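Visitor: Hey, can you work out the whole structure from these sequences and the hints?
Just so you know, the sequences run in chain order U and A.
For reference, each letter of the first sequence is one residue, going 1 to 548 in my numbering.
For reference, each letter of the second sequence is one residue, going 549 to 627 in my numbering.
Derived from the structure by calculation, the hints contain no laboratory data.
All figures in this text were calculated on a predicted structure; none of them were measured in a lab.
Among the clues, some could well be false.
Said to hold, decoys possible - Quick list of in silico lysine-lysine cross-link-like pairs, DSS-like style, CA-CA up to 27 Å:
#: 1; chain 1: A; residue 1: LYS625; chain 2: U; residue 2: LYS389
#: 2; chain 1: U; residue 1: LYS389; chain 2: U; residue 2: LYS8
#: 3; chain 1: U; residue 1: LYS240; chain 2: A; residue 2: LYS625
#: 4; chain 1: U; residue 1: LYS389; chain 2: A; residue 2: LYS550
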Amino acid sequence: MDFLEAHKTVKSFPGGESLRFLMAMSGTAAQLGIFLRAAAAKRDRSALPRMLPFNTLSQTLFTVPVPGETEVFLLLPWDFVPEADWRSGVPAAGITPADARARAESIWNQLKSRPDARFFFLPAPLPPLFSDPTQDASLARWITGLACSIDARLLPAEAFSLGNYLLSGCPVAGAWMGHLAEQIIGSLACHRPEPCKVLVTDLDDTMWGGVVAEEGLEGIHFSPEGIGYRHFLYQTLLSKLRREGALLAAVTRNDPDVALAPLRGNHMVLSEADFVCVLASYHPKSAQIGEIARRLDLGLDSFVFVDDNPVELAEVSAQLPQIHSLAFPSRDDALPALFSRLSQLFARSVLTAEDRDRTDLYRRRLAGVAPSNGQGADLTEFLGGLRMKLIIHDRTQGNRARALQLINKTNQFNLNGLRLRDEEIARAIEAGGRLYGASLEDRTGSHGEIMSCLLMPDGTIESWVMSCRVFQRRAEYAFLSWLGATDTPPQALRFSPTERNLPLQEFLKDPAFASTGNGLVRIDAARFSRTHANDLSLFTVDAPRAHS
Amino acid sequence: MKDDSIHKLDEIFRAVFDLPEGADVSNVQRNGDVPWDSLTLVTLVAAIESEFHCELDAADALELVSYQAARALLEEKGV
Chain U
1 MDFLEAHKTV KSFPGGESLR FLMAMSGTAA QLGIFLRAAA AKRDRSALPR MLPFNTLSQT
61 LFTVPVPGET EVFLLLPWDF VPEADWRSGV PAAGITPADA RARAESIWNQ LKSRPDARFF
121 FLPAPLPPLF SDPTQDASLA RWITGLACSI DARLLPAEAF SLGNYLLSGC PVAGAWMGHL
181 AEQIIGSLAC HRPEPCKVLV TDLDDTMWGG VVAEEGLEGI HFSPEGIGYR HFLYQTLLSK
241 LRREGALLAA VTRNDPDVAL APLRGNHMVL SEADFVCVLA SYHPKSAQIG EIARRLDLGL
301 DSFVFVDDNP VELAEVSAQL PQIHSLAFPS RDDALPALFS RLSQLFARSV LTAEDRDRTD
361 LYRRRLAGVA PSNGQGADLT EFLGGLRMKL IIHDRTQGNR ARALQLINKT NQFNLNGLRL
421 RDEEIARAIE AGGRLYGASL EDRTGSHGEI MSCLLMPDGT IESWVMSCRV FQRRAEYAFL
481 SWLGATDTPP QALRFSPTER NLPLQEFLKD PAFASTGNGL VRIDAARFSR THANDLSLFT
541 VDAPRAHS
Chain A
549 MKDDSIHKLD EIFRAVFDLP EGADVSNVQR NGDVPWDSLT LVTLVAAIES EFHCELDAAD
609 ALELVSYQAA RALLEEKGV
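Guide: Here is the structure:
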């Protein structure tokens, strides 16, 4: 959670049940305030943290806890060994390792006697204390061990900012404040929560690298090497969670046989038998997850959803806010944080034989479950916040390699399934056709070239494809609205149903289209542009001048 | 600076200085019309670090005397 999200959350929060606690740290906690209030507001609670004056944590340990006030301690190494505080400089007078450990143990005894306290430990580096650097390292590790022995949650070392600590007294790096606040409020709002029961995972670019419908079984990656490694690791974690009693389910925008093929190949860590169900459809994922919950008779707050696509995460979060929705990260170094979070959500202190057999039991309950065609969340506000840019390229001249590649590998949003050779495209262009490509960018970066469209002089769109990576963003509506407003609007689309182009078939149910019965679908371009003006407004369109 | 980053910085200044939505922040500065104290500065530092996933040290913080200075600093950092 970043600052602006926290600010917006706090500003729009109407108030809720109070969450009183002592935010005890020897540094300054004021900057954390807005993040704590926002994290609590997300749980419909009004956070009322009492902050300690700077550098008074050790005195607080001599006071009696305030009745009704839960204590949260954010500890740093110098809370155990004050001589290690950076703000005091490297100590002039020597301290022996034995003295340091004695001081630390004394603090540890005081901390562990605080009833029902939550502890967090930030393993910041120590300044040199001893003449032998190995003693410094040994003390640092020992202090971390002390913290762990009182069940302190270890924060990543990079959450410490010496710059901030010296500037303002707050040891937490700005980029980590939201994360820390969520951890703190999470520990307060649901102390020792029940473990979650169901992990619902996306498949493409989550369980494996790549999109199986576009790249085929041979083109996806899930082995412990190269770009498949992260997905291999993810599968091993899911396998562990399943053995420990979690139920695995998958929801994917795909054709069922395409989605299941990798799971039936017995080449991956996980197979179809590890899942209680795999729901593949083009309906909203929130509807699928809701159906799973209904069939299993389990509360949505026991569900965790993992997906790489921020649009899917936003849809599920908006429609099913009780669910824990987590992003499958785009960077390998963010995997440990995801794995840690999943392990926390599914943590169990005792494993039983029933835990280990749970998947088989629930597979029987879900036998025959079909995808739900329920409605999903309205994503207009979320999509608007993405600040999407549709960059339209005239590929009639110049490099058309990517446009051709898209035509020949896209299956789902594909007008007719036709595969074209470059010579065929060249002949169409010689005959007056125009080949368009479209790239998509948003505030997270570029998604590359995601669309190709071949428009003939008679106004017939002979080929039109869009990558399934950008489903749900309304890019297809925006593009066709834009094209409909040019000097050469399309008049018809050459459509043919295939086994895989169900998304395109759904798209053509729009009232602006009318089938002629001979493979051509007439389009009322003006009507389409009017009806989908809002979709076009979600994008900044950057188009070739002659076609704007 | 990308448009998106400028927009974020504008929103940060509006939030930190409690200015209305859409308010022009281009002239916000330390000795200007908005209350600007040490707590404001550390809040601004935390907000910038949080939104732009960067680290500002004491030298950077000293340069944060106005919106324009913040923008120049972030451009220097390649944001």
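Visitor: Is LYS389/U within 27 Å of LYS8/U, Cα to Cα?
Guide: holds (24 Å)
Visitor: Would you check the hint for LYS389/U and LYS550/A, treating anything up to 27 Å between C-alpha atoms as holding?
Guide: holds (13 Å)
Visitor: Is LYS240/U close enough to LYS625/A, meaning Cα to Cα at most 27 Å?
Guide: Between LYS240/U and LYS625/A the Cα gap is close to 42 Å, so the pair fails against 27 Å, i.e. violated.
Visitor: When you check the alpha-carbon spacing of LYS625/A and LYS389/U, does it fall within 27 Å?
Guide: Measuring from Cα to Cα gives roughly 25 Å; hence the hint holds.
Going through the hint list in order, the structure does not satisfy hint 3, though it satisfies all others.
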